[in-house]
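Undergrad: Construct the complete structure from the given sequences, taking the supplied hints into account.
Order-wise, the sequence lines are chains A and B.
When the first sequence is numbered by numbering that gives the first Met the number 0, its final residue is 140 and no position is left out of the sequence of numbers.
When the second sequence is numbered by numbering that gives the first Met the number 0, its final residue is 140 and no position is left out of the sequence of numbers.
No wet-lab data here; the hints were simulated from the structure.
All of these numbers come straight from a predicted model, not from anything done at the bench.
Where hints are given, some of them may not hold.
Quick list of in silico lysine-lysine cross-link-like pairs, DSBU-like style, CA-CA up to 30 Å [stated by the list, open to error]: (1) B/LYS130 to A/LYS137; (2) A/LYS64 to A/LYS95; (3) B/LYS73 to A/LYS78; (4) A/LYS130 to B/LYS40; (5) A/LYS55 to A/LYS78; (6) B/LYS19 to B/LYS78; (7) B/LYS19 to B/LYS44; (8) A/LYS78 to B/LYS19; (9) B/LYS19 to A/LYS95; (10) B/LYS44 to A/LYS78; (11) B/LYS44 to A/LYS73; (12) A/LYS78 to B/LYS78; (13) A/LYS55 to A/LYS95; (14) A/LYS19 to A/LYS55; (15) B/LYS64 to A/LYS137; (16) A/LYS131 to B/LYS64; (17) A/LYS131 to A/LYS95; (18) B/LYS19 to A/LYS130; (19) A/LYS131 to B/LYS131; (20) A/LYS73 to B/LYS137; (21) B/LYS44 to B/LYS78; (22) A/LYS73 to B/LYS19; (23) A/LYS73 to B/LYS131; (24) B/LYS73 to A/LYS130; (25) A/LYS131 to B/LYS78; (26) B/LYS95 to B/LYS40; (27) B/LYS95 to B/LYS137; (28) A/LYS78 to B/LYS95; (29) A/LYS64 to B/LYS137; (30) B/LYS95 to A/LYS95; (31) B/LYS73 to A/LYS131; (32) B/LYS73 to A/LYS137; (33) B/LYS78 to A/LYS130; (34) B/LYS78 to A/LYS137; (35) A/LYS73 to B/LYS95; (36) B/LYS131 to A/LYS130; (37) B/LYS55 to B/LYS78.
Number of protein chains: 2
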Amino acid sequence: MPTPSVEDYLERIYELIQEKGYARVIDIASSLGIQSSSVTKMIQKLSEQEFLVYEKYRGLTLTPKGESIAQSVKSRHRKLEEFLRILGVAEGIIQKDIEGLEHYLSPETLQCIRDFVEFVQAHPDWQTRFKKYRQTEKNSR
Amino acid sequence: MPTPSVEDYLERIYELIQEKGYARVIDIASSLGIQSSSVTKMIQKLSEQEFLVYEKYRGLTLTPKGESIAQSVKSRHRKLEEFLRILGVAEGIIQKDIEGLEHYLSPETLQCIRDFVEFVQAHPDWQTRFKKYRQTEKNSR
Chain A
0 MPTPSVEDYL ERIYELIQEK GYARVIDIAS SLGIQSSSVT KMIQKLSEQE
50 FLVYEKYRGL TLTPKGESIA QSVKSRHRKL EEFLRILGVA EGIIQKDIEG
100 LEHYLSPETL QCIRDFVEFV QAHPDWQTRF KKYRQTEKNS R
Chain B
0 MPTPSVEDYL ERIYELIQEK GYARVIDIAS SLGIQSSSVT KMIQKLSEQE
50 FLVYEKYRGL TLTPKGESIA QSVKSRHRKL EEFLRILGVA EGIIQKDIEG
100 LEHYLSPETL QCIRDFVEFV QAHPDWQTRF KKYRQTEKNS R
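TA: Below you can see the structure in the form of structure tokens.
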């Protein structure tokens, strides 16, 4: 995974707060696979930019600005997941590939993917046909 | 763009030979956006691994092994292009995004994308419906 971006941090902090009620430096570090010292530095930056508030003993909370970014990142993340699932990608591979997709696709392409997901959700017959097609193809390979 | 891989080199050399009849270090360097000295080093490696033959004055030629890899990279490249085009991504953005897709998607996901492209080509009505859907969505945004 490339160096976590501001968006990665905000998303992870948001998820930790939702899951456990709080986000500690050590949990953020372990879930992003980086050192606590890097997390501490980044949290200082995010706090200066008013994405979050850090109070000793109370821990981290996201500001409305930080939470709104975290939510839009999460929603993009979910659309990409649904997209790869629709294409027939196995669950174990989806998470790994999303990292790549999130970091390297342009906003325009992400919008096309969002439209695609919504289109397929509105036309479930399409997905049934695609699934059948893949099964037939697999058998003939 | 990340550091060019063996595959990137072979693809580019193959394309240059097809376009101009030959591939010179200087053309490879300029089309990959890197220094000639890096290209020379890489060509030495590729020659040791028997992907290509380098003869002074005659220039570079790909071995059957090298050419076969170059062709499969090119075919993957084309499938990804078609895929992004099907999704409605603008031409100017397709090339940029393919770099990301090629470097960060797993072989399994790439296979799903290939299946998707072939499915849609076999069912052109689907693409017509998706295009209409996107136009209606755009107008209502």
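Undergrad: Output the indices of the hints that this structure fails to meet, ascending.
TA: The structure breaks hints 4, 5, 8, 9, 10, 11, 13, 16, 18, 22, 37; every other hint is satisfied.
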